[in-house]
Amino acid sequence: MRPVIQMEDLKKRYQIGDQEIQALRGVSLSIETGDFVAIMGPSGSGKSSMMNVIGCLDKPTSGEFYLDGYPVSQAHDDELAEIRNQKIGFVFQNFNLLPRTTAVENVELPLLYAGTPAKERRERAIQALLDVGLGERLNNKPNELSGGQQQRVSIARALVNDPVILLADEPTGALDTKTSVEIMGIFQQLNNAGKTVILVTHEPDIAEYAKRIVRFRDGQIVSNEIVEERRRVLLEEVIT
Amino acid sequence: MSFLESLRVSFRSIKANGLRSVLTMLGIIIGVAAVIAMVAIGEGTSASVANQINGLGSNLLIVSPGQATQGRVSLGAGSLNTLTLADAEKIAESEAVSGVAPSVNGRAQIVFGSNNYSTMLEGTTESFPDVRNVQVADGRFFSNFEVRKQMNVAVVGTEVVNNLFTGSSPIGQTIQINRIPFSIIGVLKSQGSSGMTNNDDRILIPVTTAMSRLTGGKNVGTIYVSAASANDMEKAQQDTRNALRSQHSLRPNEADDFRITSQSDILSTAQEVSSSMTTLLSGIAAISLIVGGIGVMNIMLVSVTERTREIGIRKAIGAKKRDIMRQFLIEAVTLSLIGGVVGILLGIGAALGVSKLGGMATAITISPILYAFLTSTIVGVVFGVYPARKAAQLKPIDALRYE
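Protein sequences appear in the order of chains A and B.
Sequential numbering from 261 applies to the first sequence in this note's numbering.
Sequential numbering from 184 applies to the second sequence in this note's numbering.
So that you can see chain A by itself, here it is in the shape it has in the complex (with noise of 0.2 Å):
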């Protein structure tokens, strides 16, 4: 199977000041379709500057990356936006919805973006508000949803263009226990069905919900296991 990322001796310098910042010095790492990645780290680990460039954000200073076969490293602003719409799902932490604009509006940013004829667009946008199980609030706008609700929402429009991975940036890091539970959930589901997940966090107990843990410190990996005793998203954690 061909892995959806590769990336080979990734190197990422910022300069703040005077002063250079080695965020990434040397990573290398793959990963297959239909994984589940967490990617763990203290603050300053490089563990954002991944996501950064996973997410085709930011580009590497040097290093080869290949998402889905496609060499992001040389690619240009424009061309980074379009690999962005068409390739890549984020879930942030403090969700990035629109303001005063509808669920279903924000839903179909993406395909907006994406030249998608509004009649299709509008079709896909509630599809995947019904698959978070939101089909009752299209109209609401963000400021009407509870943080659970919301992040439905942008896991919806994470989902409605079919990204090759889905990218979570600390997902449940705005929310309670119960809904943190319920979010992960719905990315098990999903992984479940086939997508690639990458979970971006620094909670030890919400990385066990993915199959993999890659550790980094210091801007490198320093180490990328197979979680053993994975947590599952069990009816009575939900109830609860």
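Derived by calculation from the structure, the hints in this document are not laboratory data.
It cannot be assumed that every hint is accurate.
What the hints assert, rightly or not - The list that follows gives simulated cross-link-like pairs (lysine-lysine, DSS-like), each with its CA atoms no further than 27 Å apart:
| hint | chain 1 | residue 1 | chain 2 | residue 2 |
| --- | --- | --- | --- | --- |
| 1 | A | Lys379 | A | Lys347 |
| 2 | B | Lys198 | A | Lys401 |
| 3 | A | Lys347 | B | Lys198 |
| 4 | A | Lys438 | A | Lys401 |
| 5 | B | Lys198 | B | Lys418 |
| 6 | A | Lys319 | A | Lys271 |
| 7 | B | Lys198 | B | Lys503 |
| 8 | B | Lys198 | B | Lys539 |
| 9 | B | Lys372 | A | Lys401 |
| 10 | A | Lys347 | A | Lys319 |
| 11 | B | Lys198 | B | Lys273 |
| 12 | B | Lys332 | A | Lys319 |
| 13 | B | Lys401 | B | Lys273 |
| 14 | A | Lys471 | A | Lys271 |
| 15 | B | Lys503 | A | Lys379 |
| 16 | A | Lys471 | A | Lys347 |
| 17 | A | Lys438 | A | Lys471 |
| 18 | A | Lys271 | B | Lys503 |
| 19 | A | Lys401 | A | Lys379 |
| 20 | B | Lys539 | B | Lys372 |
| 21 | B | Lys273 | B | Lys503 |
| 22 | A | Lys319 | B | Lys573 |
| 23 | B | Lys372 | B | Lys332 |
| 24 | B | Lys578 | B | Lys503 |
| 25 | A | Lys271 | A | Lys347 |
| 26 | A | Lys319 | B | Lys578 |
| 27 | B | Lys332 | B | Lys418 |
| 28 | A | Lys271 | B | Lys578 |
| 29 | B | Lys504 | A | Lys379 |
| 30 | A | Lys379 | B | Lys332 |
| 31 | A | Lys347 | B | Lys401 |
| 32 | A | Lys347 | B | Lys504 |
| 33 | B | Lys503 | B | Lys573 |
| 34 | B | Lys504 | B | Lys573 |
| 35 | B | Lys503 | A | Lys319 |
With chain A held as given, fit chain B onto it using these hints.
Then chain B, alone, in the frame of chain A:
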């Protein structure tokens, strides 16, 4: 993303920020309204000035006495009394001239019964109605006979009638002008006022009577000459000059002791004045339009900063630079255009209001409306480009992290 979609996104954003959008447009609205109203007032004034000058008479030449100089100091036009009735007769000999009306002016106190009124007195001849383009509404003008015989007859303007006679017809009544009795034989048709002088507030009597009994002296103040046709104007002016020079026995090296002004001179001067007025007014208005444009840029820049996060989200999920650029540019242009349309309506309203309530002549023409519309679009584009570029160039990670 298609243009139509960009349009829809921009409209939604304008609607979502109602108050701010209105405030942004205010500058443009005021600017455009000012341009339209100012130009309308300017055009109206210039049209009414031209109208008044044409109302002086057709193909008119105005002969006034020359300037006197004492030593080398000029005393100004009219400081000499060089024109006489004989000059007028001489001028009339030219075949390019269709009519000559000498005129003397003064003020007079008029008494009728227990009423009295002070007005302009003008002594002239029977040619006056043709030369000066005035008509008699009631009764008749005085005849050549009455002029020759220095008869005490008068033709009055409507303003005089309103002030002296209440209801009754003035024809046949006797009034006293500076204590000399005159009988009224006609009433002039109302002409309205031109500039500072009210053409209805005057009384006309034979020039001979005026000179001998009221103003004294042998000289006339002005000689109005009308050319036979517009084509004869130049010849009439030349003939008039020659006639006066020979009449005044001027040697070839002597300067004219009179001055001939043609109606077209006055017209072009007046039009120059009013067109520079219009330019001035629209210049001021244009500045306010630019200020309005800067207002649009200002608000758009604030809006870019305020919506950095929104821009970040849009970019993260696939908006390209040109999508963001287009969205913000369309917003700026739309705001300017709506402002322009509202401004045009407001400007037309203001121009109509000024002419209705203020009694000023206004003329609404299509070209300033087109210019204002075009300018507000250009203002939107020019002052929208910078904020839009700024928005488009934001990096998605920076924009997403922005609090």
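- Query: lysine 319/A and lysine 573/B: Cα distance at most 27 Å?
  - Reply: Given that 27 Å is the threshold and the Cα spacing comes to 21 Å, the pair holds.
- Query: Going straight from one Cα to the other, do lysine 503/B and lysine 319/A come out at no more than 27 Å?
  - Reply: holds, 16 Å
- Given pair status - lysine 332/B, lysine 372/B, alpha carbons within 27 Å: With a Cα-Cα distance of about 26 Å, the restraint between lysine 372/B and lysine 332/B holds, given a limit of 27 Å.
- Message: Given the hinted pair lysine 198/B and lysine 401/A, is their Cα-Cα distance within 27 Å?
- Response: This hinted pair holds, its Cα atoms lying about 15 Å apart.
- Starting from lysine 438/A, check that the Cα of lysine 471/A is at most 27 Å away, please. holds, 21 Å
- Query: For the pair supplied as a hint, lysine 401/A and lysine 379/A, is the alpha-carbon distance within the 27 Å limit?
  - Reply: holds, 21 Å
- Hint consistency between lysine 379/A and lysine 347/A [alpha-carbon to alpha-carbon, up to 27 Å]: Holds, at about 22 Å.
- Message: Against the 27 Å threshold, does the CA-CA distance of lysine 503/B and lysine 379/A hold or violate the hint?
- Response: holds, 22 Å
- Task: With a cut-off of 27 Å on the C-alpha distance, tell me whether lysine 271/A and lysine 578/B pass.
- Result: This hinted pair holds, its Cα atoms lying about 19 Å apart.
- Does the alpha-carbon distance linking lysine 273/B and lysine 503/B stay inside the 27 Å limit? It is violated: about 87 Å lies between the C-alpha atoms, which goes past 27 Å.
- Item | Given pair status - lysine 401/A, lysine 372/B, alpha carbons within 27 Å | violated, 74 Å
- Item | 27 Å Cα cutoff - pair lysine 471/A, lysine 271/A | Within the cut-off at roughly 26 Å; holds.
The earlier numbered hints that this structure contradicts are 3, 5, 8, 9, 11, 12, 21, 27, 30, 31.
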